[in-house]
Every structure is written in C-alpha cells, then in structure tokens.
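**Student:** Each of the two chains sits in its own frame; use the hints to bring them together as a complex.
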Amino acid sequence: MAAGSRPSQKPDRPIYAFLDRYATLIVLVLLILLNIAITPNFLSVQTLNVNLTQVCTIVIVAVGMTLVIATGGIDLSVGSLMAIAGALAPMIFMGKIFGIEHVGLAVGLAIILSVAVAGALGAFNGWLVATFHIQPIVATLVLFIAGRGIAQVMTNGNLQVFSVPEFQFIGLGRILGLPFQVIIMAVVVVWAAWMLRRTVFGRQILAIGGNEKAAELAGVPVGRVKIAVYAISGLLAGIAGLIVIAINSASDANLVGLGMELDAIAAVAVGGTLLSGGRASIWGTLLGALTIQIVRYTLLANGVPDAAAMVVKAAIIIAAVWIQRKARAS
Amino acid sequence: MTISRRQLLLTTTAALAATAVARSAFAGLPTLEVKDTYKVGFAQTESNNPWRLAQTNSMQAEAEKRGWQLVYTDAAGSAAKQVADVNSMIAQGVDLIFLAPREEIPLIPAIKAAKGAGIPVILLDRNVDQSLAKAGEDYVTFIGSDFIEEGRRVAEWLVNNKPGGGKIIELEGTAGSSPANDRKEGFDTFIADHASFEIVASQTGDFARDKGRQVAETLLQAHPDADVIYAHNDEMAIGAISAVEAAGKVPGKDVLILSIDGGREILQLVIDGKVAAVCECNPRFGPKAFDTAAAYANGEDIPGKIINPDNFYDASNAADLIDTAY
Numbered sequence: 001m002a003a004g005s006r007p008s009q010k011p012d013r014p015i016y017a018f019l020d021r022y023a024t025l026i027v028l029v030l031l032i033l034l035n036i037a038i039t040p041n042f043l044s045v046q047t048l049n050v051n052l053t054q055v056c057t058i059v060i061v062a063v064g065m066t067l068v069i070a071t072g073g074i075d076l077s078v079g080s081l082m083a084i085a086g087a088l089a090p091m092i093f094m095g096k097i098f099g100i101e102h103v104g105l106a107v108g109l110a111i112i113l114s115v116a117v118a119g120a121l122g123a124f125n126g127w128l129v130a131t132f133h134i135q136p137i138v139a140t141l142v143l144f145i146a147g148r149g150i151a152q153v154m155t156n157g158n159l160q161v162f163s164v165p166e167f168q169f170i171g172l173g174r175i176l177g178l179p180f181q182v183i184i185m186a187v188v189v190v191w192a193a194w195m196l197r198r199t200v201f202g203r204q205i206l207a208i209g210g211n212e213k214a215a216e217l218a219g220v221p222v223g224r225v226k227i228a229v230y231a232i233s234g235l236l237a238g239i240a241g242l243i244v245i246a247i248n249s250a251s252d253a254n255l256v257g258l259g260m261e262l263d264a265i266a267a268v269a270v271g272g273t274l275l276s277g278g279r280a281s282i283w284g285t286l287l288g289a290l291t292i293q294i295v296r297y298t299l300l301a302n303g304v305p306d307a308a309a310m311v312v313k314a315a316i317i318i319a320a321v322w323i324q325r326k327a328r329a330s
Numbered sequence: 001m002t003i004s005r006r007q008l009l010l011t012t013t014a015a016l017a018a019t020a021v022a023r024s025a026f027a028g029l030p031t032l033e034v035k036d037t038y039k040v041g042f043a044q045t046e047s048n049n050p051w052r053l054a055q056t057n058s059m060q061a062e063a064e065k066r067g068w069q070l071v072y073t074d075a076a077g078s079a080a081k082q083v084a085d086v087n088s089m090i091a092q093g094v095d096l097i098f099l100a101p102r103e104e105i106p107l108i109p110a111i112k113a114a115k116g117a118g119i120p121v122i123l124l125d126r127n128v129d130q131s132l133a134k135a136g137e138d139y140v141t142f143i144g145s146d147f148i149e150e151g152r153r154v155a156e157w158l159v160n161n162k163p164g165g166g167k168i169i170e171l172e173g174t175a176g177s178s179p180a181n182d183r184k185e186g187f188d189t190f191i192a193d194h195a196s197f198e199i200v201a202s203q204t205g206d207f208a209r210d211k212g213r214q215v216a217e218t219l220l221q222a223h224p225d226a227d228v229i230y231a232h233n234d235e236m237a238i239g240a241i242s243a244v245e246a247a248g249k250v251p252g253k254d255v256l257i258l259s260i261d262g263g264r265e266i267l268q269l270v271i272d273g274k275v276a277a278v279c280e281c282n283p284r285f286g287p288k289a290f291d292t293a294a295a296y297a298n299g300e301d302i303p304g305k306i307i308n309p310d311n312f313y314d315a316s317n318a319a320d321l322i323d324t325a326y
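Going down the list, the sequences are from chains S and U.
Residue numbers 1 to 330, in the UniProt record's numbering, belong to the letters of the first sequence in order.
Residue numbers 1 to 326, in the UniProt record's numbering, belong to the letters of the second sequence in order.
Next up, chain U with everything else stripped away, as it sits in the complex (with noise of 0.2 Å):
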C-alpha cells in the first residue's frame, strides 16, 4: 500500500488534533508549583489612558511588594501583538501568565498555546469569547468588575439620594461595546422599577468629551425639564457640565451628574461640587490579581469569576478617597 502525501497530511493532523483533545480533556488546567517565588509575565493591551497605566503601576507595586519578578508586555492596542507578547512569554518559560485580552475572539490561540506549554493564564478587566475558551478549562479565572452592577449602583443612589423623582438623560459609551451595553442595563432595569424617575432621552456619546457635551447640549435644549445626567464614564460626565453651564443651569444644584470609572479628575469635581456621585471601575487589579495566583498554587478552588471590588464616591467620601483615586 502506498501512503500519498495527503493521506499521510491528513492522518498526522488527526492524530495531533486528537492528542490535543485528549490533552485539554483529561490534562485540564495546567498546575502552579508552590514556591517562595514566582516569573509571572502581564500582557498589558495599551497604555494610552491613566486607566490602563493604573493598572499596570498596581501590578508592577504588587510584584515588588511579593518579590516576584514580573514580565511586563505592551501589546500597543494591537492585538496580533499581544498574541506574539504571550507566545515570548511562553518562551522565557514563565510560571504564569496574567493576560488583560484586547478582543475577545483573537487572544484565544494565545490562551491555548500557554495552556499546551503549561502555563497556567488569569484573565484580567476583559474576558474571551465563551463558546471557545472556558474558566477552569483553558484559563484559570476571569477578574473584572461587573459593569451591570456599577450601573445598578448609580441608579441605587439617585433613588435613595432624590426622593423626589427626576427626569434622566442618558449618555452611553460607544454603541455595541459591552461596558456601554451593561452598564445602561444595570442602570435602566434599576430606574425601570421607581415610577418617579423617568429616562427621556438616551444617546451615545462615544466616551468621549466632545461628543459627549455636543450631545447633552442638544439633549438638554430638547429636555429643559432634565435634572439628572448619568454618563457611562468620566470624560463624558465632564462634557455634560460644560453643557450644563453653557445652558445657564448650575451643575450639582440644577442637574445632577452621575458618572461611572472615578478617575481623580472626576473626583475632585465632586469635591467641588459638580458631579454628585461616581462610581469606580477600580483599576487596582494587582492585590486580587496575585492573591488569586497564590491560591491557584495551593490548590485551593478559584471561581470561574471573581469581581473586581469597586469603590463608590459622593460628597461625603470624595475628599478623602482622592488620594487613592487613579
């Protein structure tokens, strides 16, 4: 019998697919040694926003902090180099990766390719596509915040806050992106269930400060009788009490602004008055990042996901927290 070059193309690639199902199904996750210390790489996404270089300072304390050597990796808002990132630090043989995915579809063959060396991987504030890569299967856990209930949170606090009822404008991120999509369904179910609050208008405003005050300007000529502006982060907050002064009205008194992220921008505007209440999307992720390591290592049972704890500020918090504010 002659084997063609196809045939043999083909049974290679089964018999490898097979090992490789057979690997994930009965390897499972990879395992973490107990040691006094640890090589853990971080492939960070970008670092353009003081959110982001937060994160990373917080990771890069935690690791001094422990005496654990970090491989740090800036993927640049590219996410064909984040994957090459992990490959390089499958490479240097490290003991574990923390990996904050830029997309949720193309990390994947990263996540499988750690799993195939060994390497056991955390994923931090995004997660990945789950139809193809699972907690406790392919990657250890997920740490994030729940962005649902940051929007719960805001609306919690109009509520108790003004009894008296009002009338919303909404001012979404980027239409499709799922911080925006959760957190106006934490916020909207939340406001759904108290009659005296009513949502009169809701449009997108990007995340961006432009956009953002052009957007509650319009939103405001057309809803003179709004007295709540709940934007889905800090800059288009800001935005909103530029618009709110350019119509003569006195943000803090006349509307109330709500914003979600707490970066110290934010914050001192709530000292100041003009922002009522903020809630944190907390980008100090390497205490639970490193802990959740550490427990991985001693076998204990991690979660498929664990949240990230946030902070919520107003009035009565804001000027002491600013200094622990990103």
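Only chain S is shown next, with the shape it has when bound in the complex (with noise of 0.2 Å):
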C-alpha cells in the first residue's frame, strides 16, 4: 500500500475489501465478456457443457483440498490417489480381482471399493498428521510419491483399456440432459458449503485453522477432525479418479490425476481461501477452479499455445495472493 501515510491509507480500505471479496468474480465474468467478443461460437449450450465437464474433476478434489487448508493443512498426494483409485477400479469390475459375473454387482463393487481405498489412504495422512504432528506438506508427499508407484506397480505400468457403459456412466451419462459427472460436483460443492457454514464439523474445522492451541483448549477434537478432513479429500479424490477413467474408457497410471494436486491448490488460492487455514469458502474453490478453466479454453480456442496458459495460470494466481494480502493488511 502507498507509502504508509495514513490519510492515504483510509480510502483504500473498502476497495480492497471489495476486491477480496468479489475479485474472483469480477475476473470470471470480465473473461465471459472478453470470450463472448473475441472467441467463435462461444455462446452455446456445448461451451458450457465442455467447460463444466473438464473442470469438474478439478473442482471435486479442490473442494476436499478446501477443507485439507481450512485446517491450516495441505494434501498433496490426491493425484496419485486419483492413480490408485483409477487403477483399482478397472481391475476389479473386469475381474482380474474378483470373478464377478453379474455386471453391475462388479460395477457397484469396483466404485465402492476403489473410492474407499483412496478415502482409506486419506485417512491415513490424518493419521500421519494428527498423531505425529508431521507437516501436512511432508507427511502428503508420502503418498504423493509412493502412490503412483503403487499405482504403477498394480497395473505393470500398463494402460487398462474397457468398454462398460454401466461404470462409465459415471463420465459420460446424463440425467436430464445434465452430465452425470456436473451433478456429482454440483452434490459435493453444495453439501460441502452447507456442512462449512451449519455444522459443528464446519465451525471446527475453521477453529483449528484459525488457532490450533485455542480449538484444542476449548474441547474441540483436533485429530479426529483432521483425519476426517483427510479422508474426505482422499474420498474425493477417489471419486475424481473414477470420472477420469469413465471418461476415457482407459486407465493410465502413468498420467491419471498427473499435476493435480497443484491445479486444486491454484484453483484454492484464487478463490480466496486462507492457505494458512481459518478461512475458507468452498464458492470461492468452485469459481476459482472455473476462472482457471476459462482462462485455459480462451487461450486454446484462440490458438495460444499450452505453454502460454501456464503463464497466465500463475500470473492469476499471483494476483490472487496479493490482493488477499493487502485486504488482510486493511
């Protein structure tokens, strides 16, 4: 902020209050605006369609990533739980696992059991966090390392190819006319929103963000919590796991869930949530996640390189941070 002079300093308070609060929004519709003038046919019910189909995966591990940093933590292993579960799945429900004949027991079994896996390897980052007091960012790389070798390890490597449209109904059905895959993230934004705001869970998770010490002297359970916040960011990232495979109707360990952590943390960042914990806003996740897939088609729709779009990804990312900062300073 200029110079520190304090009759100066007054008047920048509300704007930057606003910024803080709005910022995300502000950019998100002036991108609409910017697209509805420069980019072809961008005004059509399949743009949008495109769009909220490739950022669901994003936004369904940025919501868990939310809760992970709302607790002053961070998960960097969701993409290589998304590997796992991504790699499990397929082997159960073409029974190289199991030998299941009827199809849809084995479809029901695989999803259940592969998102409870990746839920179950979430836990035990809580785990790792809670009762060791390792660093979040230490105790996540863990599996962030290891869980794609695992994934590796399962698959040999190779790429699962499957043609079942019981399981992938999941990334390619719709219900009416809405993709499957936008109602589970629609599900999971709202319920998560709603469980931040009115729930004992929310207001905890938020407590021990803001002041470990004090939530924990005022009786809130520290660790169960955050193994639960874990768990459901490795649940989550389960779920997502499975969209992407249903989608391609292939499995690659090699790439499934490949830099996601970072796009869920980017898409947390811009949407204004506190990386130091305390405050969080799942709306904020969502449209943060959405500006960035907007930025991403803008640039591909125009004929800007890939390169490129990294560029502007972190220069918005930037943005972000700093207008927090100054808002906190105010």
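These are computed hints drawn from the structure, not numbers from a lab.
Since we're looking at a predicted model, the values are computed, not measured.
Hints may be right or wrong, so weigh each one.
[Stated by the list, open to error] Under 10 Å between C-beta atoms, here's a sample of chain S residues computed to sit facing chain U:
no., residue
1, 51
2, 53
3, 161
4, 254
5, 255
6, 256
7, 297
8, 300
9, 302
10, 304
11, 305
[Unchecked claim] Some chain U residues close to chain S (C-beta under 10 Å, calculated; not the full set):
no., residue
12, 46
13, 47
14, 53
15, 56
16, 153
17, 201
18, 210
19, 214
20, 217
21, 247
22, 250
23, 265
24, 295
Glycine included, C-beta positions come from ideal geometry on N, C-alpha and C.
**Tutor:** Put into structure tokens, the structure is as follows:
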C-alpha cells in the first residue's frame, strides 16, 4: 500500500476488501465478456458443457483441498490417490481380482471399493498429521510419491482399456440433459458449503485452522477432525479418479491425476481461501476453478499454445494472493 | 629432469587420447566375422507400452527363428541403466549390439565403448546426436521409421480421399519431441500445396488420451466447421473420438479422424468406421535388424540410415490386417 501515510490509507480499505470478496467473480465475468467478444461460438450450450465437464474433476478435488487447507494443512497426495482409484476400479470390474459374473454387482463393488481405498489412504495422511504432528506437506508427500508407484505396480505400468457402459455412466451419462459428473460436482459443492457453514464439524475445521491451540483448549477434538478432513479429501480424489477413467474408457496409472494437486491448490488460492487456514470459501474455490478453466479455454480456442496458458495461470494466482494480503493488511 | 605427477598424468592422457583417435580414425568400424550363429545383445529402453512390447517380441522371435542367442536387457526408462546394460553386454562378449537409445547424447559413451571393444552397434528406432557419433564410423547404421514420411502419407491419403477439401484440427505430440516435430512437418508441408485444405488449429495434446480429448473438445467448439482431426498418435485420436461424440457429431461421417501408430485398438476403430485412416509406425524390427547384421558380416555396403517400412490402414484393408497389428 502506498507509502503508509495515514490519510491516504483509509480510502483504500473498502476497495481491497471489496476486491478480496468479489475479485474472482469479477475476473470470471470479465473473462466471459472477453470470450463473447473474441471467441467464435462461445455463447452456446455446448461450450458450457465442455467447460463444466472439463472442470468437474478439478472442482471435486479442490473442495476436499479447501477443507484440508482450512485446517491449516495441505494435501499433495490427491493426484496419486486418483491414480490408485483409477487403477483399482478396472481391475475389479474386469474381474482381475474377484470373479464376479454380474456386471452391476462388479461395477458397484469396483466403485465403492476403489473410492474407499482412496478414502482410507487419505485417513492415513490425516493419521500421520494428527498423531505424529508431521508437517502436512511432508506427510502427504509420502503418498504423493509412493501412491503413483503403487498404481503403476498394480497395473505393471500398462494401459487398462475397457468398455463397460454401466461403469462409464459416471463420466459419460446424462440425467435430464445434465452430464452426470456435473451433478456429482454440484452435490459435492453444495454439501461442502453447507457443512462448512452450518455444522459443528464445519466450525471445528475453521477453528483448528484459525488457532489450533485455542481450539484444542476449547474442547475441539483436533486429531479426529483432521483425520476426517484428510479422509474426505482422499474420498473425493477417488471419485475424481473414477470420472477421469470413465470418460476415457482407459486407465493409465502414469497419467491419471498427474499435476492435479497443483491445479486444486491453485483453484483454492484463486478462490480466496487463506492458505494459512482459518477461513475458507467453497463457492470461492468453485469460482477459482472455473476462472482457471476459462483462461485455458480462451487461450486454446484462440490458438495460443498451452505453455502460455501456464504462465497466465501463474499470473492469476499471484494476483489473487496479492489481493488477499492487501485486504488483510488494511 | 624430474617429472611431476601432473605432467605424467597430462602426457599419459594425451597419449591415450591420441591412441583412441588414431584407432577410431584408422580402424573404422569393428568387423563381424561370418559364422553360422551369433550371440547378439538387444538393449531395450523401456517396456511400458504395447509398441515397445511388440518391438521386443519381434526381436526375440527373429533370434529364435535364426537360432541366434539373444542377450536382452530393459533399461526401464533410464539412460544411465541403458549405458550399464551395454557395458555388461560388452563384458559378456556379444558379437553385435542392437541398441534402442533412450536419449540422443547420454548413450554416446556406450556406443564408443562398444566400438573400443570391437563390437559393432546397430541403432533401432531412435537416433543419436549426429555431431558426436556417425553412422559408418561409430555405429553401423540406424534402422527406424521416417516420421516425416508418416505425416506426409496421412496428408496424401486425406487429399486423395476427400476431394472437396476440408478444415483440419491437428493434435500435436509432446512439444519438442522428434516424432511430434516430424509428423507435423510432413503433414503440414503436403497440405500447404493443396489450397482446398486448411489447418484451422494445431495444439499439443502431449500424446495422451485425456489431454487429447480435452484439447479436441475445446478446438471443435471454437471451430465447429472443422471436419478433419489429424492426431500424431493413436491415444490422442481415441481421445478425439470421445470429443467428437460429446459434440453431438458422428466420427467418420461428420469428422474424419486420422492417426499415426497403428496399434490393434485403433485398427478395430477403423473397422468400426470411427477412424478413417492410420499410418503405422512399425515396431517389428526383428527381420530388418537381423538381415542387416548378417549383411554386415558378409561385408556388404550398409547405408547410414535404413527405413523400416510402415503399413497404411484404412477401411479397405483394416479388417484383413488387424491380426498382424501389434
């Protein structure tokens, strides 16, 4: 802020506070207006469809990441957990582990089991963080590295190709014209936003992120809440992994969820959630992910190479964090 | 006169270097004597995809057919391990080494070491840096596909089979990789001479199915008049099929999909009518590689580069040839 002379500081406050609150929304609206002006065929249902289906997995993972970050932690393992769930599910419904004849049963078991495994590994992250007080970035680094290795060993590093419409409904199906994955995303976002605001568990998450010591002294079960939060992050990563493989009718342990942890963290940061914890906005995360998606879409559709899109993404993150700092300082 | 350790070291190194240079200058390539059967090494770079597995199978089958002994190693994607693999082949005293170099420069010392030990080397599917090692001097020859030619053949098929012209979306491979550069060059150069065709967008899909699908979805939306998608490999082409279907169009009818690689999965899609044409990138190196080795032993003149012939598949022959695809 300019030079710190008191009189000039005052009028800045509301601007930064306003920006902090609505910056992501404003950027998103501006981007959409820009696209209407320059991108051919932008105003169509299909554009909405493409963007929503492409952003789905990032939003689902980023919701879990928002909760983890709200407790003052971080989860680097989400991409690897996606790969594990994505590698495990086809092995089950293609009958490599158990011989189940009934397709519906096999698919149901594949979905439940692979998401549960991802959730359990998430809980393991939480256990490391809560019980041994290992820094979250280090604790989740364990599965970030080992997780993808596990997925590769499970599949021998080979591509698993399948065509099972019953399973692929989660990536390709539609209910009342809406892609099923978009419905999953909406349910996850609404549930998390409600939970964070209206439930004791939600308040506990924010209390821990705000001041862990104080929360503990006030009787918040810090360890349990942390384990639950990391488990939720793992579960959501598992669901996202299944969506990715369902769309592609193939599971590649080397690629599923690669770089997802950073996309999710970027969405959370742009969405205005404090990376130090204590304040979180699920809606902000949704807007953040949509903003990054639209930026990518805009550049790609207008013939700008992918490498440039990464630079722009970084610039948006820097701008978001800068606005946050300004708003807090005033 | 006292000789310091440093001087001694310098002179010995210089002498050794001079000998090495002299040897490589005068000795040329190590020769291979004519025998009934040979013990040859094959240093594979990795085996995590169907193409590599098909290449290994082809080499092993050919060795068995001829009754040659094959020493096989897999570097598991590490250039350092591949150098060690070659050194262990030298120690085992193989007659000749087939090498699929993982990277252009790190494998040079391995090639020089083999030459120093009097073992000829034949390179498969990837070349090495030509400023550091040359065919006919450091290694016998390079056998592989011509990526530029692959791109050109796809373009030629398109021009011959779509007389009305078209608007093309190109899905490039990993930026900077030689197959991506060459497949683009071959295709784009041919298309540039035909005014009725236009490449409306060309973006990288990283040779991956998911990325290829997302990029194709976006580009199809921005260019709804595009009626051809040319992908640099099978995986991206399969991703593009999902993108075309998601856009409510029919692959093969509204949008022609063209690919390079020619694995079994894509051939089935050609039979199903979803993919229009595929240029193969031939992984069956066995016959050509062993023929070349035998010719070299007989003292025949070997060119510095040997092109492994690629098949070309479209609706007319896919059903007949799918059993031969990898």
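**Student:** Next step is simple, just say for each hint if it's right about the structure.
**Tutor:** These are the hints, each one checked on the structure:
1. This hint holds: residue 51 of chain S has a C-beta 9 Å from the nearest C-beta of chain U, less than the 10 Å allowed.
2. Hint on residue 53 of chain S holds. Least Cβ distance to chain U is approximately 7 Å, under the 10 Å limit.
3. Taken as an interface hint, residue 161 of chain S checks out: its beta carbon lies about 6 Å from the nearest beta carbon of chain U, inside 10 Å.
4. The interface hint given for residue 254 of chain S is met, as the beta carbon of that residue sits about 7 Å from the closest beta carbon of chain U, less than 10 Å.
5. Evaluation of the residue 255 of chain S hint against chain U yields a held restraint, the C-beta minimum of about 6 Å falling below 10 Å.
6. A hinted interface residue such as residue 256 of chain S counts as satisfied when its beta carbon comes closer than 10 Å to some beta carbon of chain U; here the least separation is about 8 Å, so the hint holds.
7. With its C-beta approaching chain U no nearer than about 6 Å, residue 297 of chain S sits inside the 10 Å limit, and its interface hint holds.
8. For the restraint placing residue 300 of chain S at the interface with chain U, the shortest Cβ-Cβ distance is roughly 5 Å, inside the 10 Å limit, so the hint holds.
9. Annotation: residue 302 of chain S was flagged as interfacial toward chain U, and the flag holds, the nearest CB pair being 7 Å apart, inside 10 Å.
10. Restraint check, residue 304 of chain S versus chain U: the minimum CB separation of about 9 Å is within 10 Å; hint holds.
11. Because the beta carbon of residue 305 of chain S sits about 7 Å from the nearest beta carbon in chain U, less than 10 Å, this interface hint is met.
12. The beta carbon of residue 46 of chain U is positioned within 10 Å of a beta carbon in chain S (closest approach about 9 Å), and the interface hint is therefore held.
13. Hint on residue 47 of chain U holds. Least Cβ distance to chain S is approximately 8 Å, under the 10 Å limit.
14. At a threshold of 10 Å, the smallest CB-CB gap from residue 53 of chain U to chain S is about 9 Å, leaving the interface hint in force.
15. The beta carbon of residue 56 of chain U comes no nearer than 14 Å to any beta carbon in chain S, farther than 10 Å, and the hint placing it at the interface is violated.
16. The interface hint given for residue 153 of chain U is violated, since its Cβ lies 26 Å from the closest Cβ of chain S, which is over the 10 Å cut-off.
17. Among the interface hints, the one on residue 201 of chain U holds; its C-beta lies about 6 Å from the nearest C-beta in chain S, closer than the 10 Å criterion.
18. Interface restraint check: residue 210 of chain U against chain S, minimum CB-CB distance 5 Å, threshold 10 Å, status holds.
19. A hinted interface residue such as residue 214 of chain U counts as satisfied when its beta carbon comes closer than 10 Å to some beta carbon of chain S; here the least separation is about 5 Å, so the hint holds.
20. Checking residue 217 of chain U against chain S by beta carbon gives a least distance of about 5 Å; that is within 10 Å, so the hint holds.
21. At its closest, the beta carbon of residue 247 of chain U sits 6 Å from a beta carbon of chain S; the interface hint therefore holds under the 10 Å criterion.
22. The closest approach between the C-beta of residue 250 of chain U and any C-beta of chain S is roughly 15 Å, which is over the 10 Å cut-off, so the hint fails.
23. With its C-beta approaching chain S no nearer than about 6 Å, residue 265 of chain U sits inside the 10 Å limit, and its interface hint holds.
24. Hint status for residue 295 of chain U relative to chain S: violated, with the closest Cβ pair at about 36 Å, above 10 Å.
Consistency with the previously given hints fails for numbers 15, 16, 22 and 24, ordered from lowest to highest.
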